[in-house]
Amino acid sequence: MHLLRTLRQLNGLQGVRQAIRQVSSAPTKPATLQYERDPQPLFTDAETQRLLQSMTQLNLDKVYRHRTVADNSSETKFMTNEQLDNEFQDMVVRAKHMLQMPPIVEIKKDVERVIAKDPALKDFDTTKYVFTDITFGRRQSERKVFVRETDGTLAHATLDTTKRMNQLYFPLEGRQSYTPRMFALEELLSKCLAEHKYEFILDRLLVQYEPHEPEFHNISARVFEHLNESKQFELLRSTRHFGPMAFFYAWHRCIDDLLYDMIRRDYLHNAVELIALSYKVHKIPVEYQATLTELEKLHQTPAERALAELRSVFRRPDEKQSIEQEIHSAIGKTEPDFAADEISLKFIEQYIASEHSLKKVQLELAVQTLKEVNREKLLLFQGLKKAHGVQAS
Amino acid sequence: MNRASIVQVFFPALRSKIINCGLNSIFSKQSVIPNYLGLRNTSFFNKLPAEDIWRGVTAVSNAGKKRGRGKGSGKKVAKDLNKGQTIGYGKNNRIWPGLNSPIMRGNELIYQQKLDENLDRETGILKLRDTMGNFRLIKLNPIDRGWSGSKMPGRSIGQPDTVGEEEFTSFDTRVLENKIVFIMKGNMGRKRRYSVLSVTGNGKGLAGFATAKAPEARTALRKSKNRAGQKLINVSLCENRTIYHDFSTDFGKTKIYCFQKPHGYGLVCHRAIQTICKVIGIKDLYAKIEGSTNLQHIVKAFFIGLMTQRSYQNIANETNFNIVQKQNTRNRLTEVKGIPFLNSTQAQSNQEVDYMHFTLGNKIVLKKNGVLPFYVNSKGHDLRRIKSERFRNQPKVRLHKLINSYA
Chain R
1 MHLLRTLRQL
11 NGLQGVRQAI
21 RQVSSAPTKP
31 ATLQYERDPQ
41 PLFTDAETQR
51 LLQSMTQLNL
61 DKVYRHRTVA
71 DNSSETKFMT
81 NEQLDNEFQD
91 MVVRAKHMLQ
101 MPPIVEIKKD
111 VERVIAKDPA
121 LKDFDTTKYV
131 FTDITFGRRQ
141 SERKVFVRET
151 DGTLAHATLD
161 TTKRMNQLYF
171 PLEGRQSYTP
181 RMFALEELLS
191 KCLAEHKYEF
201 ILDRLLVQYE
211 PHEPEFHNIS
221 ARVFEHLNES
231 KQFELLRSTR
241 HFGPMAFFYA
251 WHRCIDDLLY
261 DMIRRDYLHN
271 AVELIALSYK
281 VHKIPVEYQA
291 TLTELEKLHQ
301 TPAERALAEL
311 RSVFRRPDEK
321 QSIEQEIHSA
331 IGKTEPDFAA
341 DEISLKFIEQ
351 YIASEHSLKK
361 VQLELAVQTL
371 KEVNREKLLL
381 FQGLKKAHGV
391 QAS
Chain U
1 MNRASIVQVF
11 FPALRSKIIN
21 CGLNSIFSKQ
31 SVIPNYLGLR
41 NTSFFNKLPA
51 EDIWRGVTAV
61 SNAGKKRGRG
71 KGSGKKVAKD
81 LNKGQTIGYG
91 KNNRIWPGLN
101 SPIMRGNELI
111 YQQKLDENLD
121 RETGILKLRD
131 TMGNFRLIKL
141 NPIDRGWSGS
151 KMPGRSIGQP
161 DTVGEEEFTS
171 FDTRVLENKI
181 VFIMKGNMGR
191 KRRYSVLSVT
201 GNGKGLAGFA
211 TAKAPEARTA
221 LRKSKNRAGQ
231 KLINVSLCEN
241 RTIYHDFSTD
251 FGKTKIYCFQ
261 KPHGYGLVCH
271 RAIQTICKVI
281 GIKDLYAKIE
291 GSTNLQHIVK
301 AFFIGLMTQR
311 SYQNIANETN
321 FNIVQKQNTR
331 NRLTEVKGIP
341 FLNSTQAQSN
351 QEVDYMHFTL
361 GNKIVLKKNG
371 VLPFYVNSKG
381 HDLRRIKSER
391 FRNQPKVRLH
401 KLINSYA
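Protein chains in written order, with UniProt numbering: chain R, 1 to 393; chain U, 1 to 407.
No wet-lab data here; the hints were simulated from the structure.
Accuracy of the hints is not assured; some may be wrong.
Capping the alpha-carbon separation at 27 Å, the derived lysine-lysine pairs in DSS-like fashion look like this [unchecked claim]:
hint: 1; chain 1: R; residue 1: 385; chain 2: R; residue 2: 371
hint: 2; chain 1: R; residue 1: 377; chain 2: R; residue 2: 333
hint: 3; chain 1: U; residue 1: 151; chain 2: U; residue 2: 278
hint: 4; chain 1: U; residue 1: 204; chain 2: R; residue 2: 62
hint: 5; chain 1: U; residue 1: 204; chain 2: U; residue 2: 337
hint: 6; chain 1: R; residue 1: 96; chain 2: U; residue 2: 337
hint: 7; chain 1: R; residue 1: 77; chain 2: U; residue 2: 283
hint: 8; chain 1: U; residue 1: 401; chain 2: R; residue 2: 191
Remember, it's a predicted structure, so these values are computed and weren't measured experimentally.
Please model the complete structure; the sequences and the hints are all you need to start from.
The structure is reproduced here in structure tokens:
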């Protein structure tokens, strides 16, 4: 503490203080895009959630990536095959839990709710009194906070005061009672954005603000806008923020960049899902259900795929892989994949041709390139099959 | 020097004799006390050579020698008083042509001439004499220091010498033990030699150790270094930084328990094991020694332990269990490290086997509870804790305030 005190004395120059005040007087810029009506019913809809989860994908290496923790020790164990399989299942369940998306809800407006006006109590004190219900085990949202103003009015506290009282009596780990500097200063936030620390900003945002707060909407919108310009969508894939991001683009009719990225990375079924989502959001009369169900039959869900990948360790090393599997591992695609690609491409081309797409030339080019690559792969696939004498099923 | 001093001693002695004779004759005739003081220009300072005089100060008696006196830090050493003095330059600052100056300068002849007194000369000589004779520590660069001061153990002695075309580049040798040992010889009696134990390694898992003896410390060091280079052992490292699994090992009465540790843990073990680990390339390890801490035994036990390590695959094959690792940094993700070769074909025993018990050979390390300070259960301490409880968050708050008030 002594060191800190000395530091403060050293740095506590008036000039420096003033300079700081000047910097901190610049608040963060407002985002250009905002939800004009309540997005919550559409977002929490089961189908939307399924689409968003599928788009997020589930890369276990990304979900369980190295993080800085206080205790970085590891534990080694013996396990039977059953135990290991249980462990794998548990891992996928935990990963799904970690990918749970933060809700997108409307901004909550402060409503003044006066309980009683007692003019007799006027000037009972120089400050107002705040009464908080600190019953154990109550949820933050149902905790009651009242304020007795100095003029004698008793009213429900504002949202801001309620949050502050909650944080005071039941502190949330990581949440600060004042605005963190990275959200208060424009230069710090824009620096974070310029360095593409999107996940960091969004994680911090989730801890600091409730989803119904205007700051949450504003900053997350700014991150998504910046992301749409820098096109680093891969950074958010397999994180809990990918779903809200895709929803944001679908809502504000700017899915084309994300779509282009998905086509380029050969995530065609995700592209179809994104287009379907945008149709759903804007109630565009295009039939997408049939395509989706067809694709669902051909594709595994991300969780199933991750589990299958984990279980591949049980395959015995000496056991000869079937030739089909070998061909699969060489090319990276199987017959159902090619079938699914065909269906998806048809749907995507239909979208590009429609008036809803904005970057037609770019998307068409990407689709053409992908088609060529796919055709080559298909030829190779068929050739290999013929060479190995595998019957087409 | 001896001859010069003898001449010096001779003349004063003669003179005093003559004076003494004169005195005697005077006393015999008149009993008058002369008004001059007796001059005694002789003493052992000018009678004896410097060597003998110095011996009087520095020597230790025979009996003392037997008791080991006159050794170590308090030892007196003779000073060379001629140091810093040159012929021609003295207390009397003069030009002596032909001695401290040329005889002719140009066409001019130089004469003897007195100069101003040089006071610095005297003090300079005294200073020089003061520095002599005192024991001075050898100054070592802090980087080159070993376990303790300028002692050899722990210090690096470079890479082993090249043998034929075998070069030991990137090797580093460190001394572990440097001691004097004695043996009895039939004709020479008690013979002393230096025994040096050193370990060499390339920091990538190749290392060797050897003991060598020689009558000279330097030769012993060289011999043991080169011999260590000839006895290299390959130690496979896990992730290039630690051991594959916890293990216990022993040699004689020395038992060592070694534990695999996560990245950034460092080497928490006996200094000899630390030095060996640095040379091998092990960066994270905890080791506890039980029993004797004989250095040679520690080194041998540790190397035996390293050599008996098994890979995950081997352990899996042996036990017919899958080996998995859960890392806290990866949110306890289950990583499969080894799968038994005969997977699932044999019935796996239902009995729970603990991995650490297996790798430690069913030994359990005694974990002692730390001893609490004496004041823990006292009334005053309780009071203090009660009083300070409400300030427990203060440092954190202050820090956050500080962070928020500065850019």
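Hints violated by the structure (listed by number, smallest first): 4
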